[in-house]
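Given chain A, work out where chain B should sit, using these hints.
Quick note, the sequences are listed as chains A and B, same order.
Quick note on numbering: this note's numbering labels position 227 of the first sequence as 227, and the sequence is numbered without any gaps.
Quick note on numbering: this note's numbering labels position 16 of the second sequence as 16, and the sequence is numbered without any gaps.
Honestly, I wouldn't trust all of these hints.
Distance ranges between label pairs, derived from CB positions [as the list claims (entries may be wrong)]: (1) A:110 with B:7: 33 to 43 Å; (2) A:166 with B:86: 42 to 52 Å; (3) A:259 with B:86: 16 to 26 Å; (4) B:34 with A:26: 25 to 35 Å; (5) A:101 with B:3: 48 to 58 Å; (6) B:36 with A:202: 40 to 50 Å; (7) B:37 with A:39: 52 to 62 Å; (8) B:3 with A:203: 34 to 44 Å; (9) B:68 with A:39: 54 to 64 Å.
The hints are simulated quantities; they were obtained by calculation from the structure and are not laboratory data.
Since this is a predicted model, take the numbers as computed values, not measurements.
Glycine is no exception: its CB is placed at the ideal position from the N, C-alpha and C atoms.
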Amino acid sequence: MAEQDWAGTTYGNDWMHKWLIRMLRIIDMRILYLFVAVFIIPVCLVLNPSRGIAYRYFRHRIGYGRLKSAWKTYVNHCLFGQVVVDKFAMYAGKKFKVEIENYHEFLDRADRKEGFVQLSAHIGNYEIAGYTLVCENKRLNALVFAGEKASVMRNRGKMFADTNISMIAISPDMSHLFEIDQALKDGEIVSMPADRINGSPKFIEHNFLGAKAKFPLGPFSVATLRSLDVLAVNVMKTSLRSYKIFVTPLPYNKEASRQEQIRQLSSAYVAELEKRVRQFPTQWYNYFEFWNKND
Amino acid sequence: MEQLINDLKLQIKEALNLEELSMEEFDENAPLFGEDGIGLDSIDVLEIIVLLEKNYGIRLANPKEGRAIFQSVKTIAEYVQANRKK
Numbered sequence: 001m002a003e004q005d006w007a008g009t010t011y012g013n014d015w016m017h018k019w020l021i022r023m024l025r026i027i028d029m030r031i032l033y034l035f036v037a038v039f040i041i042p043v044c045l046v047l048n049p050s051r052g053i054a055y056r057y058f059r060h061r062i063g064y065g066r067l068k069s070a071w072k073t074y075v076n077h078c079l080f081g082q083v084v085v086d087k088f089a090m091y092a093g094k095k096f097k098v099e100i101e102n103y104h105e106f107l108d109r110a111d112r113k114e115g116f117v118q119l120s121a122h123i124g125n126y127e128i129a130g131y132t133l134v135c136e137n138k139r140l141n142a143l144v145f146a147g148e149k150a151s152v153m154r155n156r157g158k159m160f161a162d163t164n165i166s167m168i169a170i171s172p173d174m175s176h177l178f179e180i181d182q183a184l185k186d187g188e189i190v191s192m193p194a195d196r197i198n199g200s201p202k203f204i205e206h207n208f209l210g211a212k213a214k215f216p217l218g219p220f221s222v223a224t225l226r227s228l229d230v231l232a233v234n235v236m237k238t239s240l241r242s243y244k245i246f247v248t249p250l251p252y253n254k255e256a257s258r259q260e261q262i263r264q265l266s267s268a269y270v271a272e273l274e275k276r277v278r279q280f281p282t283q284w285y286n287y288f289e290f291w292n293k294n295d
Numbered sequence: 001m002e003q004l005i006n007d008l009k010l011q012i013k014e015a016l017n018l019e020e021l022s023m024e025e026f027d028e029n030a031p032l033f034g035e036d037g038i039g040l041d042s043i044d045v046l047e048i049i050v051l052l053e054k055n056y057g058i059r060l061a062n063p064k065e066g067r068a069i070f071q072s073v074k075t076i077a078e079y080v081q082a083n084r085k086k
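Only chain A is shown next, with the shape it has when bound in the complex:
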């Protein structure tokens, strides 16, 4: 399945999302985790091509045996279900224990006049970071998929209402790039994923988990345009009710040519992503053919 064929939005319709939030205000999340693991995931695994994609990821990229890959495919889907439940649990007002590694790297940059960029990936549960890594004197602009369900966008809006966070929707006319650049010029924080090619087809290839994969050029190009600092921010689920945010500065030579800056920054991003994926292999949620064929 090509990335373009995959919707990449939160499952379910508006009514289902509202119902889920109401239910999460009353019941224990663990009941929902169990329900998802026993009744939803087995059906998804039968009907959804993500089964084969996740299996090949565990078998060929992580290097597990056949049986372990099959089991981890199930675990991976269960964890993905939990992450979706957690997202709605947050909308319902539930709290999670969040630990932050290298918090000072974020605070240090938040105190400066210049803006900076946070690059994320579709691993763990990045949305948790949106509610945790915030600062009063710098607006955080989060790049979000424009096709996301109305209920998800509405709930995000409610969650962000009293915070210094705004959302920039990825637009087919690419106007989001200009909004990002303007925010950075204004000394704000811009947060965007850098593991999926959206909009512009331009890419940069890297060796990732032992095979060549394409990463979008846009985030690295925009991040280096104004020679700003870049942080990788990955949020991983560490237990039923806790998450750990990994903040890692991504170095690149700001004096080098533009192409070299992009190469260095994207290499640093991919190295950090590989480190986190190897640490939490079951929290990889890119359910499309991520790696080039023949690799």
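Showing chain B alone in chain A's frame:
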């Protein structure tokens, strides 16, 4: 004007890594977007906006006005000549 067009061609070639495009082939009247022209996209436009800001002191506040400016290298040169601060 001739010199400015050549400078812009060189700067755009370098910024966008258009190694395969020779200076002779780089027609200043060719459309920058689409398959009939150079084939640039919005990421490239952002690069050019920053390039114009750094090299000529031009700040494009409204990206929508870029449509007319970024038609070709010649239209960029005309805009730079009329609005440059450096």
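Structure-based check of all given hints:
1. A:110 with B:7: 33 to 43 Å: holds (39 Å)
2. A:166 with B:86: 42 to 52 Å: The hint (42 to 52 Å, Cβ to Cβ) is violated, given that residue 166 of chain A and residue 86 of chain B are roughly 33 Å apart.
3. A:259 with B:86: 16 to 26 Å: holds (24 Å)
4. B:34 with A:26: 25 to 35 Å: About 56 Å separates the Cβ atoms of residue 34 of chain B and residue 26 of chain A, which means 25 to 35 Å is violated.
5. A:101 with B:3: 48 to 58 Å: For residue 3 of chain B against residue 101 of chain A, whose Cβ atoms are near 53 Å apart, the range 48 to 58 Å holds.
6. B:36 with A:202: 40 to 50 Å: violated (19 Å)
7. B:37 with A:39: 52 to 62 Å: holds (55 Å)
8. B:3 with A:203: 34 to 44 Å: At roughly 35 Å between Cβ atoms, residue 203 of chain A and residue 3 of chain B fall inside 34 to 44 Å, so the hint holds.
9. B:68 with A:39: 54 to 64 Å: holds (57 Å)
In terms of the numbered hints stated before, the structure departs from hints 2, 4, 6, listed from lowest to highest.
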